[in-house]
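*Asks:* Note that my numbering has the sequence shown beginning at 1, numbered continuously upward.
Hint data in this document are derived by calculation from the structure and do not stem from the laboratory. Cβ atoms here follow ideal geometry from the backbone N, Cα and C, with glycine treated the same way. Some hints here could point you the wrong way.
[What the hints assert, rightly or not] Below, in silico cross-link-like pairs of lysine-lysine (DSS-like), each with a Cα-Cα straight-line distance of 27 Å or less:
1) 87 x 30
2) 76 x 87
3) 76 x 30
4) 96 x 60
5) 94 x 60
6) 75 x 87
7) 75 x 30
8) 75 x 96
[What the hints assert, rightly or not] Now the in silico label distances, taken between C-beta atoms and shown as ranges:
9) 75 x 96: 30 to 40 Å
10) 33 x 81: 32 to 42 Å
11) 75 x 37: 12 to 22 Å
12) 57 x 103: 30 to 40 Å
13) 74 x 98: 17 to 27 Å
14) 86 x 61: 31 to 41 Å
15) 58 x 78: 26 to 36 Å
16) 98 x 75: 29 to 39 Å
17) 89 x 58: 32 to 42 Å
18) 21 x 74: 33 to 43 Å
19) 28 x 82: 12 to 22 Å
20) 96 x 74: 14 to 24 Å
21) 76 x 104: 12 to 22 Å
22) 37 x 102: 35 to 45 Å
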Amino acid sequence: MLKIFALAGVEVSNMLVLGKRMIFSGLRGKIGADLINLYTKKIFNRDYFELDFSIETTSKTIIHMAACSNINKNKKIINSNIRYLNKVINYANKNKIENFIFFSAVSVYGRGGV
Numbered sequence: 001m002l003k004i005f006a007l008a009g010v011e012v013s014n015m016l017v018l019g020k021r022m023i024f025s026g027l028r029g030k031i032g033a034d035l036i037n038l039y040t041k042k043i044f045n046r047d048y049f050e051l052d053f054s055i056e057t058t059s060k061t062i063i064h065m066a067a068c069s070n071i072n073k074n075k076k077i078i079n080s081n082i083r084y085l086n087k088v089i090n091y092a093n094k095n096k097i098e099n100f101i102f103f104s105a106v107s108v109y110g111r112g113g114v
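Kindly produce the complete structure, drawing on both the sequences and the hints.
*Replies:* If you want it as structure tokens, here you go:
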């Protein structure tokens, strides 16, 4: 069963992919949504204000795609993204995560895009 949680609009999932249990963050973004649709037909959403980082996991991989972006509040968004990334990294260290894959935010491309 797919378990999805939300942190300030950022979904986090602990699911089985290709025989390996992985943790995904940022499932509401374009790439995250496409990955979820690739591996599941039905998504169960449960919104929480905060993810409980005290929960232990047996997953060995985190794919971190979560980021807030707002070109008009750049400094505030960057600080928020850094704080959340720091929490995820600390969680990975605590749970002896072996693989950490980090996707950059779309906002790095600026107003003009790619």
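*Asks:* None of the hints should be skipped; say for each whether it holds.
*Replies:* Each hint, compared with the structure:
A C-alpha spacing of about 23 Å is found between residue 87 and residue 30, which places the hinted pair at or below 27 Å, so the restraint holds. Between the alpha carbons of residue 76 and residue 87 the distance comes to roughly 17 Å, so the proposed pair stays at or under 27 Å and holds. Distance check on the hinted pair: residue 76 and residue 30 sit about 22 Å apart at the alpha-carbon level, within 27 Å; holds. For the suggested pair residue 96 and residue 60, the alpha carbons sit about 7 Å apart, so the restraint of at most 27 Å is met.
Of the pairs offered as hints, the one joining residue 94 and residue 60 holds, with about 12 Å between alpha carbons and a cut-off of 27 Å not exceeded. For the given pair, residue 75 sits about 19 Å from residue 87 by alpha-carbon distance, which is consistent with the 27 Å threshold. Proximity of residue 75 to residue 30 is assessed by CA-CA distance (about 23 Å); at most 27 Å being required, the pair is judged to hold. Restraint check for residue 75 and residue 96: not satisfied, since their Cα atoms lie roughly 31 Å apart, outside the 27 Å limit.
A C-beta distance of roughly 34 Å is found between residue 75 and residue 96, which places it inside the suggested range of 30 to 40 Å. With their beta carbons about 19 Å apart, residue 33 and residue 81 fall outside the hinted range of 32 to 42 Å. Evaluation of the 12 to 22 Å hint for residue 75 and residue 37 yields a failure: the beta carbon distance comes to about 34 Å. The hint said 30 to 40 Å for the Cβ distance between residue 57 and residue 103, and at roughly 20 Å that hint is violated.
In this structure, residue 74 and residue 98 break the distance hint of 17 to 27 Å, their C-beta atoms being roughly 33 Å apart. Taking the beta carbon of each, residue 86 and residue 61 are about 19 Å apart, not inside 31 to 41 Å as hinted. For the pair residue 58 and residue 78, the beta carbons lie near 33 Å from each other, so the given range of 26 to 36 Å is met. About 34 Å separates the C-beta atoms of residue 98 and residue 75, a value consistent with the hinted range of 29 to 39 Å.
Look at residue 89 against residue 58: about 19 Å separates their beta carbons, and that is not inside 32 to 42 Å. Checking the proposed 33 to 43 Å range against residue 21 and residue 74 shows it holds: the Cβ atoms sit about 35 Å from each other. Checked against the hint of 12 to 22 Å, the C-beta distance between residue 28 and residue 82 comes to roughly 20 Å, which is consistent with it. The supplied range of 14 to 24 Å is broken by residue 96 and residue 74, whose beta-carbon atoms lie about 35 Å from each other.
Separated by about 18 Å at the C-beta atoms, residue 76 and residue 104 satisfy the suggested range of 12 to 22 Å. Taking the beta carbon of each, residue 37 and residue 102 are about 22 Å apart, not inside 35 to 45 Å as hinted.
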